[in-house]
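Chains as they are written, first to last, in the UniProt record's numbering: chain A, 1 to 318; chain B, 1 to 324.
Possibly wrong hints are sitting among the right ones.
Stated by the list, open to error - Under the rule of at most 30 angstroms between Cα atoms (straight-line distance), these lysine-lysine pairs were calculated in the DSSO-like manner:
hint, chain 1, residue 1, chain 2, residue 2
1, B, LYS305, A, LYS221
2, B, LYS259, B, LYS213
3, B, LYS306, A, LYS248
4, A, LYS248, A, LYS308
5, B, LYS16, A, LYS58
6, A, LYS18, B, LYS6
7, A, LYS240, B, LYS315
8, A, LYS151, B, LYS213
9, A, LYS221, B, LYS98
10, B, LYS184, B, LYS207
Said to hold, decoys possible - Across the chosen pairs, the derived CB separations fall in these ranges:
hint, chain 1, residue 1, chain 2, residue 2, range
11, B, ASN33, A, GLY220, 28 to 34 angstroms
12, A, ASP194, B, LYS6, 56 to 62 angstroms
13, B, ASN37, A, ASP94, 45 to 51 angstroms
14, B, ASP38, A, GLY220, 43 to 49 angstroms
15, A, VAL303, B, VAL188, 41 to 47 angstroms
16, A, SER159, B, GLY245, 40 to 46 angstroms
17, B, SER25, A, LEU114, 40 to 46 angstroms
18, B, GLU260, A, GLY288, 53 to 59 angstroms
19, A, SER159, B, GLU263, 40 to 46 angstroms
20, B, LYS259, A, ASP194, 34 to 40 angstroms
Unchecked claim - Computed from the model, here is a short list of chain A residues facing chain B with C-beta under 7 angstroms:
hint, residue
21, SER2
22, SER23
23, LEU26
24, ASP164
25, GLY172
26, GLU174
27, GLN209
28, ASN216
29, ALA219
30, HIS242
31, TRP243
32, GLY262
Hint data in this document are derived by calculation from the structure and do not stem from the laboratory. All values derive from a computational prediction rather than experimental measurement. Even glycine gets a Cβ: it sits at the ideal position worked out from N, Cα and C.
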Amino acid sequence: MSLYKEKHIQYIKSLDTKHQDYSYWLTEHLRLNGTYWGLTALCILNAKDTFVKEDVIKFVLSCHNEDGGFGAFPQHDSHILSTLSALQILLIYDSIDELPSIDKIVEFITNLQLPNGAFQGDRFGEIDSRFVYTAIQSLAILGKLNEKVVKGAIQFTTSCQNFDGGYGLGPGAESHSAQVFTCLGTLAITNRLDLVDQELTGWWLSERQLENGGLNGRAGKLPDVCYSWWVLSSLAIIGKLHWINFDKLREFILSSQDEITGGISDRPDNQVDVFHTIFGLAGLSLMGFENLAPVDPIYCLPVDVSCKIKRWPYSDTI
Amino acid sequence: MDDLSKRQRRLRDEQKIQNYRALSSKVLENKVNRLYNDFVFKQTTALLAENPEFYTIWNYRRDIITNHYVPSLPQKELISLFEEELKFIMFKLKDYPKVYWIWNHRRWTLENHPVANWEFELKIVSKLLSQDSRNYHGWHYRRSIIKEIEKSIGKSLALQEFHYTTEMINSNFSNFSAWHNRSKLIPVLLKSKPTTEFDDVLSFLKKELYLLKNAIYTDPEDQSAWIYLRWLLTDDIFVTSISKGDYIEILSEERANIKELNELEKDDNNGLDNNWCLKTLVTIENLLIRFDDKNYQEDVINSLKKLIEADPLRKNMYIDRLEL
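Isolated chain A, as found in the complex:
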């Protein structure tokens, strides 16, 4: 089986033209995130120019709110998730300087941090280790990490660690592959992977692979293509990518493609979407298959984009 590269490019290109579909309008609240998923997928497919840069940047800036954050669509409220997507897109296009005020964004993000180091997603108080990662990567892209933010983020992230080597969405929560990715990502960006029991975490992650080659998110659950990213990137971050079987996972991802419409779904024969398309492609890229552009497991950005991010600790603050 092979990767239908051209089909996937056409599929991603077509996403913004589906105005006749009701679901197009029901998913406005994910549009900015979706644009990041689509653009990153195109970069991985070496087809970055499929999107018109000026149009995308214009759209991103139209989602910028007065409070400094970004909503997922014009007039939608700011949230840390859509804020990171905006920054990732601008970084891919080398256009961070298009932002009217970096300080305002930094203020929006740092104001979301709570006394225990966690981040809430917006002013309404939902707490999740995903938001810590999202905030930390956002600040890293802007080159605006600082001691206080980093210290709190590390403290909260380590409190999400479980006996099995995995991490949950908060202290006490069950291990979940997606949360493992965000927690390891936070610790990698803040340069504290020494706090991870890498043998144990690697073992738990490797046990996510099932006989059909797919990866699951928790013990006893079904496989899903998106875990090709959450599990693989986590293994890559701790240098244990080879602890699962590449050929079988590749087969699972490829068999979840739609050969007619393009795109990848959560598992074979299901409806495709851009979320599973990017994470399937990113997984294949991490394993070095199909001549895809290399992707950075910490940032989920093409390596030639993530290399522009200033590494913590900043030499000028020491």
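Keeping the supplied structure of chain A fixed, place chain B upon it in accordance with the hints.
Using the frame of chain A, we list chain B on its own:
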């Protein structure tokens, strides 16, 4: 689908899109104008009924409650507004049990409820977990409700929750969410010792291992119990609170049990080892090498070599361990 029904569907969709977009832009415009009243509140209900993932509208709804209803309604009416809100959310959760935004709104609603009934909420989440016993949000929500109740009654509910996990595990040994929660409650209970069951770490550990033996014998392929067993045999909570002699005895007993189970499995599977038995034997034998100078190096190497063949998905992990 034939052409006629395709056309009909398209027409229907067009109408739906038109209505949705009209309502959505009206609500967003009211939001920009900071309108907070009964009329716009009902509009958000209609919009969220259509699209419960529209987080901005949940935000607006909360702002309407805070800025309009809370300052204007008498206590009794305010309470019934919050009760209605909880019903509306429950209705949505039934169709969308995995949508973060809805769970988040439920948490907010309870936290801002003038007289939140957390006990009732616990019943609701118990019912949800009885229907969907691995729901990640459900378990997380349950822990936060327990925290709230503990705060209000000034008493720990760890024992009650421990019994709840036993119940869940007994009805399904593969419920890892329950094993996980148990691992969070045991340290609390071994410290607070609410009943004699928790007085002595060693006898507690033995009882727990017995429960686990049942689970493992019931389905030796299921990883939940094996992952939990690894915890019981390695965590400092147990290891440092029992004597070295007792620890070594426990490890040796478990080793014998698992070897016996593996033999039974081999009889059933044409002489093939059970992978989880091999993996766990490696863990236990490594512990016995470390704590009792046992000469199990050969056994560990043999098990790892077997696993390279028998568990090819994770072959490279075993190779790395052989080279350590």
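Going through the hints against the structure:
1. For the suggested pair LYS305 (chain B) and LYS221 (chain A), the alpha carbons sit about 28 angstroms apart, so the restraint of at most 30 angstroms is met.
2. Using a Cα cut-off of 30 angstroms, the hinted pair LYS259 (chain B) and LYS213 (chain B) holds, with the two alpha carbons roughly 13 angstroms apart.
3. Between LYS306 (chain B) and LYS248 (chain A) the CA atoms are separated by roughly 20 angstroms; this keeps the pair inside 30 angstroms, and the hint holds.
4. Note on LYS248 (chain A) and LYS308 (chain A): the hinted pairing is violated, with a Cα-Cα distance of about 34 angstroms set against a maximum of 30 angstroms.
5. This hinted pair checks out: LYS16 (chain B) and LYS58 (chain A) have alpha carbons roughly 28 angstroms apart, not beyond 30 angstroms.
6. Taking the CA atoms of LYS18 (chain A) and LYS6 (chain B), the gap is about 16 angstroms. The hint holds against a cut of 30 angstroms.
7. Among the hinted pairs, LYS240 (chain A) with LYS315 (chain B) is consistent with the structure: their alpha-carbon atoms are about 12 angstroms apart, no more than 30 angstroms.
8. The hinted pair formed by LYS151 (chain A) and LYS213 (chain B) fails the criterion: a straight-line CA distance of about 42 angstroms is larger than 30 angstroms.
9. For the given pair, LYS221 (chain A) sits about 15 angstroms from LYS98 (chain B) by alpha-carbon distance, which is consistent with the 30 angstroms threshold.
10. Among the hinted pairs, LYS184 (chain B) with LYS207 (chain B) is consistent with the structure: their alpha-carbon atoms are about 17 angstroms apart, no more than 30 angstroms.
11. Range check, ASN33 (chain B) to GLY220 (chain A): about 50 angstroms between beta-carbon atoms, so the 28 to 34 angstroms window is missed.
12. Here the CB-CB span from ASP194 (chain A) to LYS6 (chain B) is close to 59 angstroms, well matched to the stated 56 to 62 angstroms.
13. Between ASN37 (chain B) and ASP94 (chain A) the beta carbon distance is about 46 angstroms. The supplied range of 45 to 51 angstroms therefore holds.
14. The supplied range of 43 to 49 angstroms is met by ASP38 (chain B) and GLY220 (chain A), whose beta-carbon atoms lie about 47 angstroms from each other.
15. The hinted window of 41 to 47 angstroms between VAL303 (chain A) and VAL188 (chain B) holds, with their beta carbons roughly 45 angstroms apart.
16. The beta-carbon spacing between SER159 (chain A) and GLY245 (chain B), approximately 34 angstroms, falls outside the hinted interval of 40 to 46 angstroms.
17. Against the hinted window of 40 to 46 angstroms, the Cβ-Cβ separation of SER25 (chain B) and LEU114 (chain A) comes to about 34 angstroms, which falls outside the hint.
18. A hinted range of 53 to 59 angstroms is violated for the C-beta pair GLU260 (chain B) and GLY288 (chain A), which are about 44 angstroms apart.
19. For the pair SER159 (chain A) and GLU263 (chain B), the supplied restraint of 40 to 46 angstroms holds, since their beta-carbon distance comes to about 42 angstroms.
20. The supplied range of 34 to 40 angstroms is met by LYS259 (chain B) and ASP194 (chain A), whose beta-carbon atoms lie about 37 angstroms from each other.
21. Hint on SER2 (chain A) is violated. Least Cβ distance to chain B is approximately 23 angstroms, over the 7 angstroms limit.
22. A cut of 7 angstroms between beta carbons decides the hint on SER23 (chain A): the least distance to chain B is about 10 angstroms, and the hint is violated.
23. Nearest Cβ of chain B to the Cβ of LEU26 (chain A): about 5 angstroms, under the 7 angstroms cut. The hint holds.
24. The interface hint given for ASP164 (chain A) holds, since its Cβ lies 5 angstroms from the closest Cβ of chain B, which is under the 7 angstroms cut-off.
25. Annotation: GLY172 (chain A) was flagged as interfacial toward chain B, and the flag holds, the nearest CB pair being 5 angstroms apart, inside 7 angstroms.
26. With its C-beta approaching chain B no nearer than about 4 angstroms, GLU174 (chain A) sits inside the 7 angstroms limit, and its interface hint holds.
27. A distance limit of 7 angstroms between C-beta atoms decides the matter here; for GLN209 (chain A) the minimum to chain B is near 5 angstroms, and the interface restraint holds.
28. Given hint, ASN216 (chain A) at the interface with chain B, is violated; its Cβ is 10 angstroms from that chain's nearest Cβ, farther than 7 angstroms.
29. Interface restraint check for ALA219 (chain A): the shortest CB-CB distance to chain B comes to about 4 angstroms, inside 7 angstroms, so the restraint holds.
30. Taking 7 angstroms as the C-beta cut-off, the interface hint given for HIS242 (chain A) holds, the closest approach to chain B being about 4 angstroms.
31. The criterion of a C-beta within 7 angstroms of any C-beta in chain B is met by TRP243 (chain A), whose closest approach is roughly 4 angstroms, and the hint holds.
32. Contact between GLY262 (chain A) and chain B, as hinted, is not supported at the beta carbon level, the nearest pair being about 21 angstroms apart and thus beyond 7 angstroms.
Taken one by one, the earlier hints fail for this structure at numbers 4, 8, 11, 16, 17, 18, 21, 22, 28 and 32, listed in ascending order.
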